[in-house]
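Participant: Once you have looked at the hints, place chain B on chain A.
Just so you know, the protein sequences line up as chains A and B, in that order.
Counted the way our numbering counts, the first sequence spans residues 1 to 345.
Counted the way our numbering counts, the second sequence spans residues 1 to 280.
Incorrect hints may have been included.
Claimed, not checked - So, partial list: chain A residues that the calculated Cβ filter (under 8 Å) puts toward chain B:
#: 1; residue: Met26
#: 2; residue: Thr100
#: 3; residue: Ser102
#: 4; residue: Thr106
#: 5; residue: Asp107
#: 6; residue: Tyr135
#: 7; residue: Gly220
#: 8; residue: Ala269
#: 9; residue: His273
#: 10; residue: Asp284
#: 11; residue: Ile286
#: 12; residue: Gln289
#: 13; residue: Pro291
#: 14; residue: Val300
Unchecked claim - When the alpha-carbon atoms are kept at most 25 Å apart in a straight line, the in silico SDA-like pairs for lysine to any residue are as follows:
#: 15; chain 1: A; residue 1: Lys45; chain 2: B; residue 2: Asn166
#: 16; chain 1: A; residue 1: Lys103; chain 2: B; residue 2: Asn222
#: 17; chain 1: A; residue 1: Lys103; chain 2: B; residue 2: Met85
#: 18; chain 1: A; residue 1: Lys75; chain 2: B; residue 2: Val97
#: 19; chain 1: A; residue 1: Lys162; chain 2: B; residue 2: Lys212
#: 20; chain 1: A; residue 1: Lys162; chain 2: B; residue 2: Met85
#: 21; chain 1: A; residue 1: Lys103; chain 2: B; residue 2: Gly107
#: 22; chain 1: A; residue 1: Lys244; chain 2: A; residue 2: Ile138
#: 23; chain 1: A; residue 1: Lys45; chain 2: B; residue 2: Met85
#: 24; chain 1: A; residue 1: Lys216; chain 2: B; residue 2: Glu102
#: 25; chain 1: B; residue 1: Lys212; chain 2: A; residue 2: Gly305
#: 26; chain 1: B; residue 1: Lys212; chain 2: A; residue 2: Gly220
#: 27; chain 1: B; residue 1: Lys212; chain 2: A; residue 2: Thr191
#: 28; chain 1: B; residue 1: Lys224; chain 2: A; residue 2: Lys75
#: 29; chain 1: A; residue 1: Lys160; chain 2: B; residue 2: Asn101
#: 30; chain 1: A; residue 1: Lys160; chain 2: B; residue 2: Val97
The set of hints was computed from the structure by calculation and includes no laboratory data.
Please read all numbers here as calculations on a predicted model, not as lab measurements.
Glycine included, every Cβ here is placed at the ideal spot set by N, Cα and C.
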Amino acid sequence: MKKQITILSGILMTVLFSLTSCQETMVGYENNNSSESNFQQMWEKFDSHYGLFLVKNIDWNEVYASHLPKARAAKTDAELFAVLSSAVHTLDDKHINIYTNSKQLTDYNSGENGHIPAQEGFDFKVVREKYLTDYQEITEDFGYGKLTPEVGYIHIDAFKDKLSVFENGMDKALNALASTKGIVFDIRDHTGGSDHVSAYIASRFAGSRKLFMTAKKRNGPRHDQFAAPVEWYIEPTGKTQYTKPVILLTTSTTLSAGETFTFAMRENANVTHMGTKTAGAFSDVIAHQLPNGWIVTIGVGDYRGSDGKSYEGIGITPKIVSLNQKSDVLRGVDKTLESAIERLR
Amino acid sequence: MKNNIIKLCLSFAFLLTAIQAYSQENAEPEPDRNQFRIGLGANYIKTLDLLYSPLMYKSLRTDLQLGYSRKSENGIFSSDLNVFMGSLKPNSGGAVVIYANETDIHGVETTEDMVLQMVQIGFDLQVGYLREMQQLRSESKAIYLGGSLEESLTYTPGFMNVGVINYSSFNAKARFDYFLKNGKPLIFELAVPLVSVITRLPHHQSPGEPGKSDLGAFFSGNNKVATLNHFQNARFSIKYPLLVKRRIAVEIRYEGSWMHYYKPRHLTQAGNHLSLGLTF
Numbered sequence: 001m002k003k004q005i006t007i008l009s010g011i012l013m014t015v016l017f018s019l020t021s022c023q024e025t026m027v028g029y030e031n032n033n034s035s036e037s038n039f040q041q042m043w044e045k046f047d048s049h050y051g052l053f054l055v056k057n058i059d060w061n062e063v064y065a066s067h068l069p070k071a072r073a074a075k076t077d078a079e080l081f082a083v084l085s086s087a088v089h090t091l092d093d094k095h096i097n098i099y100t101n102s103k104q105l106t107d108y109n110s111g112e113n114g115h116i117p118a119q120e121g122f123d124f125k126v127v128r129e130k131y132l133t134d135y136q137e138i139t140e141d142f143g144y145g146k147l148t149p150e151v152g153y154i155h156i157d158a159f160k161d162k163l164s165v166f167e168n169g170m171d172k173a174l175n176a177l178a179s180t181k182g183i184v185f186d187i188r189d190h191t192g193g194s195d196h197v198s199a200y201i202a203s204r205f206a207g208s209r210k211l212f213m214t215a216k217k218r219n220g221p222r223h224d225q226f227a228a229p230v231e232w233y234i235e236p237t238g239k240t241q242y243t244k245p246v247i248l249l250t251t252s253t254t255l256s257a258g259e260t261f262t263f264a265m266r267e268n269a270n271v272t273h274m275g276t277k278t279a280g281a282f283s284d285v286i287a288h289q290l291p292n293g294w295i296v297t298i299g300v301g302d303y304r305g306s307d308g309k310s311y312e313g314i315g316i317t318p319k320i321v322s323l324n325q326k327s328d329v330l331r332g333v334d335k336t337l338e339s340a341i342e343r344l345r
Numbered sequence: 001m002k003n004n005i006i007k008l009c010l011s012f013a014f015l016l017t018a019i020q021a022y023s024q025e026n027a028e029p030e031p032d033r034n035q036f037r038i039g040l041g042a043n044y045i046k047t048l049d050l051l052y053s054p055l056m057y058k059s060l061r062t063d064l065q066l067g068y069s070r071k072s073e074n075g076i077f078s079s080d081l082n083v084f085m086g087s088l089k090p091n092s093g094g095a096v097v098i099y100a101n102e103t104d105i106h107g108v109e110t111t112e113d114m115v116l117q118m119v120q121i122g123f124d125l126q127v128g129y130l131r132e133m134q135q136l137r138s139e140s141k142a143i144y145l146g147g148s149l150e151e152s153l154t155y156t157p158g159f160m161n162v163g164v165i166n167y168s169s170f171n172a173k174a175r176f177d178y179f180l181k182n183g184k185p186l187i188f189e190l191a192v193p194l195v196s197v198i199t200r201l202p203h204h205q206s207p208g209e210p211g212k213s214d215l216g217a218f219f220s221g222n223n224k225v226a227t228l229n230h231f232q233n234a235r236f237s238i239k240y241p242l243l244v245k246r247r248i249a250v251e252i253r254y255e256g257s258w259m260h261y262y263k264p265r266h267l268t269q270a271g272n273h274l275s276l277g278l279t280f
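Chain A extracted, bound-state conformation (with noise of 0.2 Å):
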């Protein structure tokens, strides 16, 4: 009986490795790895797929014709990176990326026009050791102190995890600074993650209903095709919600969810925005792969204010303007949260 097993299972093993070999064939499998095509497909998953050609005034098609000859004559990796970064630069969008599998070529960011600079107005180290007692780390990205014994903090870097992080999270925050006059909350060094996120955080510190988001996503091969318009409203969620004073503190590198999350948190009559201009890269975010295995990635909507406008591109003005130096950052210095202690106290 051993013997049969064993021959046996030979024989399906040798079946099974005879038909893996035409799987490739079964699937319809062909990849050209060109310049050219590479190029190609990055271009035609842009038209495709992004959101704002409309709301940038981009002439893709005039962008195809410019950089077509370009990618047919680009011979290595770093012509075509080149080719590639140069389309995409017209976008002027620091939610698109082109990440290369080339340790020497890595990356490049179309709003920054190559790679992502450090952030030079902020340091969260700065504030954990200068300026927070009592800080509770919940994640590596979500955690919240005290300023001093009337003022609370929160400082969030990302939405990356599941909503119940955030909501038992909140709860633990809000609790612990229940008694506080006022909270600053730190997104500055915020990278973006989910809007669900955002709207649940903002509405732990509404008051009413309001609307502060309408988003649309393409849905079809034409720049104007977009899927019916989605409406983020914030409402009195949880159970406490915060209504006295709050200061919510941006910079240039507050993205995405960060931004979407400051829409929501302007609609708030108790926060006052403060810092410098959100980054302007609001919308969800899709990845590509080419065929030479870099990936690129690209917003596929169209976000706007409450106030129906966009802010692609721009960003979002605080009310108060406050910026940091680097000279200032690196002797351990927090001007803009100095100020908003002040203005809480």
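Facilitator: Only chain B this time, still in chain A's reference frame:
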């Protein structure tokens, strides 16, 4: 393609002959009216999902199968659940690695590598009935025809959702039992969906709505009815009981599959599934 079909036919013919040659004559299967099955398997799948990439991906899914069947004079009722998980990698190599340049406040530049670890999880649930074609029955063969209702979800969380699809199908099924000289059946099955409700990501690939979970948004407004001309999911299987002892059998099963759907961009998969099951 023609060569592949010939290859497939020859392989099965070879398998059939070999099984006959090595079968034991004294191992008579005792058909039970109620049967439960627990199985473990491995499914090697090639996926081409043009929604995310022109590159082909491969995955080796391991799965757990639970089944119940009831055999009557006229036919077989069966229900099967298959839960699976497996990593997804480019066909040409290991995990997807991309690089990004980062600079800190002191001006120090570093190159960060990001490894995209993709994992597919999902399940497949089928409930079906096969009626025996009595007029075609003989000592060496039995033929069944029928159908099944199937619900299947494949989900790839993360940055690139390659291969995400849900389908609820009404399948046409056929089964052919060929009784070997040892009395054991060699069971062939073929299933093809006649009509299905397919859920794929929407055109913008980013389902997210206020008040709905990601899964809830995925199933909202993205469901399309498709017939055989738009959704193809052919599966051919062959099953053989290796060991039969009273009411317990150990069986080996091979299934070849090919699936294709065309919206919003083409998704094509081909799989080879091998499993061992304990029936009692």
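Participant: A separate judgement is required for each hint: does it hold in the structure or not?
Facilitator: For each hint, the structure was consulted:
no.: 1; hint: Met26; result: holds, 4 Å
no.: 2; hint: Thr100; result: holds, 6 Å
no.: 3; hint: Ser102; result: holds, 7 Å
no.: 4; hint: Thr106; result: holds, 4 Å
no.: 5; hint: Asp107; result: holds, 4 Å
no.: 6; hint: Tyr135; result: violated, 20 Å
no.: 7; hint: Gly220; result: holds, 6 Å
no.: 8; hint: Ala269; result: violated, 21 Å
no.: 9; hint: His273; result: violated, 22 Å
no.: 10; hint: Asp284; result: holds, 4 Å
no.: 11; hint: Ile286; result: holds, 5 Å
no.: 12; hint: Gln289; result: holds, 4 Å
no.: 13; hint: Pro291; result: holds, 5 Å
no.: 14; hint: Val300; result: holds, 4 Å
no.: 15; hint: Lys45(A) x Asn166(B); result: holds, 24 Å
no.: 16; hint: Lys103(A) x Asn222(B); result: violated, 39 Å
no.: 17; hint: Lys103(A) x Met85(B); result: violated, 31 Å
no.: 18; hint: Lys75(A) x Val97(B); result: holds, 23 Å
no.: 19; hint: Lys162(A) x Lys212(B); result: holds, 13 Å
no.: 20; hint: Lys162(A) x Met85(B); result: holds, 21 Å
no.: 21; hint: Lys103(A) x Gly107(B); result: holds, 19 Å
no.: 22; hint: Lys244(A) x Ile138(A); result: holds, 23 Å
no.: 23; hint: Lys45(A) x Met85(B); result: violated, 30 Å
no.: 24; hint: Lys216(A) x Glu102(B); result: violated, 32 Å
no.: 25; hint: Lys212(B) x Gly305(A); result: holds, 21 Å
no.: 26; hint: Lys212(B) x Gly220(A); result: holds, 23 Å
no.: 27; hint: Lys212(B) x Thr191(A); result: holds, 23 Å
no.: 28; hint: Lys224(B) x Lys75(A); result: violated, 43 Å
no.: 29; hint: Lys160(A) x Asn101(B); result: holds, 21 Å
no.: 30; hint: Lys160(A) x Val97(B); result: holds, 20 Å
Hint check: violations occur at hints 6, 8, 9, 16, 17, 23, 24, 28; the rest are consistent with the structure.
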